[in-house]
Amino acid sequence: MTTQGGRNKVLLYLWPILLIAGLLLLRFLTGQETSAGAKIYARHCANCHMEEGEGLGKLIPPLANSLYIQSHGEEMACMIREGIPVLSTTRRDRQLMPAKPELSAVELASLISYLKQNWGNNGQAVTARQVESALLDCESNHRQNR
Amino acid sequence: MKAAKIIGRCLLILAMFWSCENRTTDLPVLGVKKVSDTGDTLYHTIPSFRLLDQDSSLITEEVVAGKIYVSDFFFTYCPSICPKMSQQMLRLHDHFLEEEQVVLLSHTVDPDYDTVAVLKEYADALGVNSSKWHLLTGDRDHIYELAAEYMVSAAEDPEAPGGFIHSGAFILLDGQRRVRGYYDGTKPEKVDNLLNDIDLLLQSQKSAP
Numbered sequence: 162m163t164t165q166g167g168r169n170k171v172l173l174y175l176w177p178i179l180l181i182a183g184l185l186l187l188r189f190l191t192g193q194e195t196s197a198g199a200k201i202y203a204r205h206c207a208n209c210h211m212e213e214g215e216g217l218g219k220l221i222p223p224l225a226n227s228l229y230i231q232s233h234g235e236e237m238a239c240m241i242r243e244g245i246p247v248l249s250t251t252r253r254d255r256q257l258m259p260a261k262p263e264l265s266a267v268e269l270a271s272l273i274s275y276l277k278q279n280w281g282n283n284g285q286a287v288t289a290r291q292v293e294s295a296l297l298d299c300e301s302n303h304r305q306n307r
Numbered sequence: 069m070k071a072a073k074i075i076g077r078c079l080l081i082l083a084m085f086w087s088c089e090n091r092t093t094d095l096p097v098l099g100v101k102k103v104s105d106t107g108d109t110l111y112h113t114i115p116s117f118r119l120l121d122q123d124s125s126l127i128t129e130e131v132v133a134g135k136i137y138v139s140d141f142f143f144t145y146c147p148s149i150c151p152k153m154s155q156q157m158l159r160l161h162d163h164f165l166e167e168e169q170v171v172l173l174s175h176t177v178d179p180d181y182d183t184v185a186v187l188k189e190y191a192d193a194l195g196v197n198s199s200k201w202h203l204l205t206g207d208r209d210h211i212y213e214l215a216a217e218y219m220v221s222a223a224e225d226p227e228a229p230g231g232f233i234h235s236g237a238f239i240l241l242d243g244q245r246r247v248r249g250y251y252d253g254t255k256p257e258k259v260d261n262l263l264n265d266i267d268l269l270l271q272s273q274k275s276a277p
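If you read the sequences in order, they're chains A and B. Per our numbering, the first sequence starts with residue 162, numbered consecutively. Per our numbering, the second sequence starts with residue 69, numbered consecutively.
Just chain B, same shape as in the assembly (with noise of 0.2 Å):
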């Protein structure tokens, strides 16, 4: 009797972990879920949105429709961690030149001051190219409202160093517009777990139908 029971247990573990067999080269879909009246599942997808970038070009959510993105929050004169942030996702932006699916996106917190010119300015100084990576402006309260969406902090605070409050995560979405994953932009180990992660998005966005 014991020794079915233990038999009948391990089985189970051993169902459970071939039934999450397929999903470990998945990455999951994060963000609150919710069901529609037909019974499909909805998930949390990140709203339109209407920013300008270092060219002054309108960026909405169609330059990244289809496409895998890396979204963060910084400014150009944060003390903190915002460079370490910038030399990591300037290795996304070399690592991803050549590949059209992938598309960086960075939100100011301090869209007052970092206007499009200085945007400009910010990204010159890191050779970045405009169709890569582009660095938002745009109305302060879509910019925090969008930070929320991302379900990531942002805010003024004078007691931060420079003024202001941000995390330090790079977002991942796919190309609905879904959050895939969370990863410490200032540490380049997570990097690499992102940099593995664009590569598994990429490979089942093109061996879907």
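Chain A with its partners taken away, still in its complex shape (with noise of 0.2 Å):
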């Protein structure tokens, strides 16, 4: 009787446990977790380049299916981090592409990796040491990216 009260009371314990790994192995295995780089893109990147990477018409490069995003890569995060000037001499303080300073290496590695592997684009992901690296060196990366 004591074993099978004891036994009970453990099952009685367990089972919130046992709930919320099925629960985990669920959204593992529909692939439905979000991921960081998805995050980031949604807050940064999606108001202009669109949910999907589709971009506007000629006026936003989409990023899907792109040949840009699949021939570049850690480097991609001195432009994301800095933005991309307008080209006009009077309106300095425009710009084509808006500056992120804010973002971390880790969170341009997350993106950048996002990009890569999302939309068509069958890319490798990169690391956050890679993408220090890279930012340690902009200035040579934004001859490379021209």
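Since the hints were derived computationally from the structure, they do not count as laboratory data. Worth double-checking, as some hints may not be accurate.
[To be verified] The list that follows gives simulated cross-link-like pairs (lysine-lysine, DSS-like), each with its CA atoms no further than 25 Å apart: (1) B:K135 / B:K200; (2) B:K73 / B:K101; (3) A:K219 / B:K102; (4) B:K200 / B:K255; (5) B:K258 / A:K200; (6) B:K135 / B:K102; (7) B:K188 / A:K219; (8) B:K73 / A:K200; (9) B:K200 / B:K258; (10) A:K219 / B:K101.
[To be verified] Sample of chain B residues facing chain A (criterion: CB under 7 Å; computed from the structure): (11) L98; (12) G99; (13) Y145; (14) P147; (15) S148; (16) Q155; (17) A193; (18) A216.
Even for Gly, the Cβ is constructed at its ideal location relative to N, Cα and C.
The two chains are supplied separately, each in an independent frame; assemble them into the complex guided by the hints.
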């Protein structure tokens, strides 16, 4: 009797843990978990480049099925962080693509990996360490980006 | 006695539904209404305007006279909601390209920067047909006064992304420049509603004598 009672007690305490484990497994299997890169994209990029990276006409370049994204890697961190200046001599305060100086190397690595691995861009993920070293050499990266 | 009261109330509610029946297919006229000396209702109407579009053509109220039009406020270097608004406006542009009774007017809130040349470049990049979608610039005060008449916000604000705040609304107007609806121009499902409402206005305008 007492062992049965003890087993029941264990089950009573164990079931919430089993439930959470089950839910986590389900989330993992269905791929419902939103990656960090997807969240950063939604917050900082989707307004202009749109939800599925489709861009807008010839105004805002698409990031989906993009040769540019496929052929570039961690060096894109410089462009994302510093933005793209407008080609105007009178309005230096305008930017073609706004700068995102607040993004850390880890965030930039998540974002670039997300771009390279979604919407038909079958690329490799980049690491925060690669992004960090790319950020140290933005001057030559800008030349490379062009 | 109690039963009679309940039946009476039910009849009243039914009568209310009945009286509304005709209006469910009709869009309301929005804004402050006034009553003229002769007792007629005067609806809020957008006043005359003089602006230039991307082709440097003078655009006045004459261009939209008797036509259904959608109006919004934006600026070309807007880093926040404008690209989504432009994406949705482009949907309207493509949908009503062949419908002569529908016109689109987008007003820049930064006319100092958004000159005719800048708007032209923007319109060309989107593949805009100039007779369907007019991107408008002109006197700054005139544009801001117009925004107030459309009952939406537009202001310069150094704290805002890009330096300006403006509403993301698409405003629907009828042939008499009366406001018939507001729709969130950044949300595709709200613009679906706008598409339906434009069809509704087109029908009522065509069936009117």
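A quick look at each hint next to the structure:
1. With a C-alpha separation of about 12 Å, the suggested pair B:K135 and B:K200 falls inside the 25 Å cut-off, and the hint holds.
2. For the proposed pair B:K73 and B:K101, the alpha carbon gap of about 36 Å is over 25 Å, so the pair is violated.
3. With a C-alpha separation of about 46 Å, the suggested pair A:K219 and B:K102 falls outside the 25 Å cut-off, and the hint is violated.
4. Our distance criterion of 25 Å between C-alpha atoms is met by B:K200 and B:K255, whose separation comes to about 22 Å.
5. The straight-line distance between the Cα atoms of B:K258 and A:K200 is roughly 24 Å, inside the 25 Å bound, and the hint therefore holds.
6. With a C-alpha separation of about 23 Å, the suggested pairing of B:K135 with B:K102 holds against the 25 Å cut-off.
7. In summary, the hint linking B:K188 to A:K219 is supported, as the alpha carbons are separated by about 13 Å, within the 25 Å threshold.
8. Annotation: proposed proximity of B:K73 to A:K200 is violated, straight-line Cα distance about 58 Å (limit 25 Å).
9. For the given pair, B:K200 sits about 21 Å from B:K258 by alpha-carbon distance, which is consistent with the 25 Å threshold.
10. With a C-alpha separation of about 43 Å, the suggested pair A:K219 and B:K101 falls outside the 25 Å cut-off, and the hint is violated.
11. Hint status for B:L98: violated, given a least beta-carbon distance of 28 Å to chain A, over 7 Å.
12. For the restraint placing B:G99 at the interface with chain A, the shortest Cβ-Cβ distance is roughly 31 Å, beyond the 7 Å limit, so the hint is violated.
13. Because the smallest distance between the Cβ of B:Y145 and any Cβ of chain A comes to about 5 Å, under 7 Å, the interface hint for this residue holds.
14. A cut of 7 Å between beta carbons decides the hint on B:P147: the least distance to chain A is about 4 Å, and the hint holds.
15. Satisfaction of the interface hint for B:S148 is found here, the shortest Cβ-Cβ separation to chain A being roughly 6 Å, below the 7 Å cut-off.
16. A least Cβ separation of about 5 Å between B:Q155 and chain A falls short of the 7 Å threshold, and the interface hint therefore holds.
17. The criterion of a C-beta within 7 Å of any C-beta in chain A is met by B:A193, whose closest approach is roughly 4 Å, and the hint holds.
18. With its C-beta approaching chain A no nearer than about 26 Å, B:A216 sits outside the 7 Å limit, and its interface hint is violated.
Going through the hint list in order, the structure does not satisfy hints 2, 3, 8, 10, 11, 12 and 18.
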